[in-house]
Amino acid sequence: MSVSVSRRYIGQPVPRVDAPAKVTGSAQYVGDLEVPGVEHAALVRSSIAHGRIRAISADSAMAAPGVTRVITAADLSAVVSTNRFGPVVRDCPLLAEDVVRYEGEPIVVVLGRTAAAAQRAANLIDVEYDDLTVVRDVDDAVSSDAPRLHRDAAAGEFGAGASGWDPTRNIAGQYHDRRGDPAGAMAGADRVFEHTYRVPTIHHYAIENHVALAIPDGDAMTLHAANQYPFLMVRLIADLLDIPESSVRVVVPFVGGAFGSKEYASILPLTAAVARLVGRPVRMEYSIEESFRTLVRHAAVMTYRTATTLEGDIVARQVELRFDGGAYADQSPRVVRQAGYRSPGPYRIPNLQVDAYAYYTNKVPAGAYRGFGASQPIYACESHTDEIASELGLDPVEFRMRHLLNLRDDFSVGDLPLDCDLPEALRVAAEELRRPTPHPVGDVRLRGVGFAVGVKNTASGHLPSSAIIRLHGDGSATVLSSSVEIGQGTITMLTQVAAEALALDPSRVRVSTPDTALTPFDQRTSSSRSTVHMGLAVQRAAEDAVRQTVDAAARVLDCRAGDLRLEAGRIVGGDRVLTVRDVVADPRSGFGGEIIGVGHFVPDSPRAPTAFGLRAGYWEGSVGAAEVAVDSETGQIELLRYVTVADAGTVINPLTAHGQEEGGAVMGMGHVLFEECVFEEGIFMNPSIVDYRVPSIADVPRALTSHLLERGDGPGPFGSKGLGESSIITVAPAIANAVAAATGVRVRELPLSPWTVWRSLRDTKDGRGAD
Amino acid sequence: MSESAMMVRTTVNGEPVAVEAEVSETLAAYLRDRLRLTGLKVSCGLQICGACTVLLDDRAVSACTVLAVEADGASVRTVEGLADQQQLSALQRAFVKRGALQCGFCTPGFLMAATELLERVEEPDEATIRRWLSGNICRCTGYRSIVEAIQEAASERSGKRHANER
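Same order as they appear, the protein sequences are chains B and U. Under the numbering used here, the first residue of the first sequence is numbered 1, with each subsequent residue one higher. Under the numbering used here, the first residue of the second sequence is numbered 1001, with each subsequent residue one higher.
Misleading hints may appear alongside valid ones.
Claimed, not checked - With a straight-line Cα cutoff of 20 Å, these simulated SDA-like cross-link-like pairs (lysine to any residue) come out:
# : chain 1 : residue 1 : chain 2 : residue 2
1 : U       : Lys1160   : U       : Ala1083
2 : U       : Lys1097   : B       : Ser507
3 : U       : Lys1097   : B       : Ser246
4 : U       : Lys1160   : U       : Leu1117
5 : U       : Lys1097   : B       : Ser26
6 : U       : Lys1097   : U       : Glu1148
7 : U       : Lys1097   : B       : Asp505
Claimed, not checked - Short derived list, chain U residues pointing at chain B, Cβ under 8 Å:
#  : residue
8  : Ala1051
9  : Gly1073
10 : Ala1074
11 : Thr1078
12 : Glu1080
13 : Ala1083
14 : Leu1088
15 : Phe1105
16 : Thr1107
To be clear, the hints were calculated from the coordinates, so they are not data collected in a lab. Glycine is no exception: its CB is placed at the ideal position from the N, C-alpha and C atoms.
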């Protein structure tokens, strides 16, 4: 078999295949679907952070105009096998039964003929509580007086990660690692540096709020969902409703942003259960305030201790992470394991100790968020690295270069060696910021430059990705894949991979969005895995289709398959040309209609003998570099320049790749400059876009550049790797380091609001801004 | 017609439309649910994010906080009206070419706000573009590609204008 390997489409800035639909308004999202007879669900949510439900008064709601049903947990028990779900531990009820554990927890569903009628009626429902002591944060959670928020729970779909679950200590998950003799090395060290950093809870704020549409059909159920893991939802819903998986269909059209907020179940189990109960289509769509109250990113308190020689060689590191997991475990056990594993940073550290915990608190559950536990420890590690360099009088770039792991060094013995060239990335970033931005006349603001380096492993375990390619009679192709288009450009990337492998123009390739009745299994669309995992599945499916086509043509032409090739949808060889239709129509081919190619990718050796336990398929690594100007009178930070350098393997599409890198960088700017979910006594003070500020077009530096290093050495199609979570993980420390360099003062918490920066300058005699 | 409904007569994307609306109904709900123009999206519901931006008498408004009845007698333009038959507008083409969108949920709002900008300002500089679009939030792109797309559409249009003037 021969297929052209000229790389016509790989590496090309092919315009997004979904762009025409998105710029004309014809792109469909779940909220755009119209279903006749659908009923709308509104939720009554807990107004307190922790308490026992004493009474629910729903009479006026039930009598309200347009209301069809009022539903509590007791009503749902008629149709669900359990009122508990959760990916690692099933600790989360669909609707609260006796206890509420966070302000905003769903208690009652009101169904109405219109969304407005349902919401008006929901506002009439009164819930009375007996207050319980609120566990406000990780400090409360660890205290021996604090209430224990959970007792027993069954294992969820990823229950293997539950080994660290310890409800007697309010621990949702934990991770530990030891290497060498960290305590001994600390005790005997010349210098020991210790710093503690804090980051607040933040929210994904995808522009599309959570939404689901459940349509029952007898015992079967179809769900239209904005969700990143349709096949897990099939399993979860089938289990919940006690129906076969073949009776559950999950359809995911375009998703308006996810960033992890739609990675697990959120709104889906409840919508499905309600639809099952009433036997009619049900639509549940959250307001933005409700999306804030559904999932957040972990706040963290992180302590780093590093021992060095007098010359500044690192001999030992101890890390303690305390993550705030909120009221239910969700993905916290998995997030904290990843956070702990990545926390030492990509450095040569002979003696290491990591202890990481995720705690239960009475707040919105924390779960998957772009980076999946990478951003928080990298912020702490890279800030700590700069502080050590500063105290030793060493240049922060040179200090890093001395200790950075090189390409193919071991991050952790037994895992895939590092496939990122971090020293090179740091060199590129440093070179970009070598010349400072000129000061305009009269601009007396403090200037500084900062760098940060970080890596995250993409370790997807043993679950496969599968793809089907249907080669039609006219030589065009349909690709069936369950990768979700959340904006990252997956559909376009798969189009290019299929086009290249089929030697077919991309305009004649159409990639589906997930429909579990039709598209084969994929695991979650997350962790930057789709280019490698689904890309390889699609490439293999294409190769399978090509081989079958060429073999069939060889039978028709009575020649050797090796003399033929597929080119632009036709089979050519010497002076012979056949269309696919010619081939499939001929009885000698053995086919009729179309040719179906199937491809699978299953990671081999998914396990690793490391504390983390899973082997990386590849590493995402980045360097972030920032130049800032700080106004010492107001504490205002202006980002003058931002550079991100990522290790990309082979870039399939530079337009979408740079888009993801820039988008991740700007999203990260929000974390360091503005974003903070504020809780007081467990009450969420700012769950709205008015009081929670995300970067606007005016906040972005004009000089925002992304570099992609390519060596073609990734495991994915054509040497590719994953991208999308690379730039975001180094933004916070790069900017924090730049601010510290500018002001001479180190703030060890985020966000770096003007008030925080101004106050730090006033509080520090050494700060250059002090009077 | 119910007691709380009113007839609303507008021109939507150049076509006369006469469809009743509840008095409390937003223009966003009217356009999306009654007229099935689902391009505009409702996200924050508080006129902050701009995802529901449409042009009402050629001015950009947040349809989530305008009542449908306020559009009575006015013209409404949505993203569905930007293309001329199958021909995308210069702005739409520039967005596609520059990759100025990812998940696409904010895109209709940006296109309408940018359409207003290009109709009101001949050759907006970058600072003007950023100021004008600061009422539209994007969580995916980082905005640089959006600014470039608007600049490209602006130059294409003024290039055409200069060509026509010769």
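Consistency of the hints with the structure:
no., hint, result
1, U:Lys1160 to U:Ala1083, "18 Å, holds"
2, U:Lys1097 to B:Ser507, "15 Å, holds"
3, U:Lys1097 to B:Ser246, "41 Å, violated"
4, U:Lys1160 to U:Leu1117, "17 Å, holds"
5, U:Lys1097 to B:Ser26, "18 Å, holds"
6, U:Lys1097 to U:Glu1148, "10 Å, holds"
7, U:Lys1097 to B:Asp505, "18 Å, holds"
8, Ala1051, "6 Å, holds"
9, Gly1073, "24 Å, violated"
10, Ala1074, "20 Å, violated"
11, Thr1078, "7 Å, holds"
12, Glu1080, "5 Å, holds"
13, Ala1083, "6 Å, holds"
14, Leu1088, "7 Å, holds"
15, Phe1105, "3 Å, holds"
16, Thr1107, "5 Å, holds"
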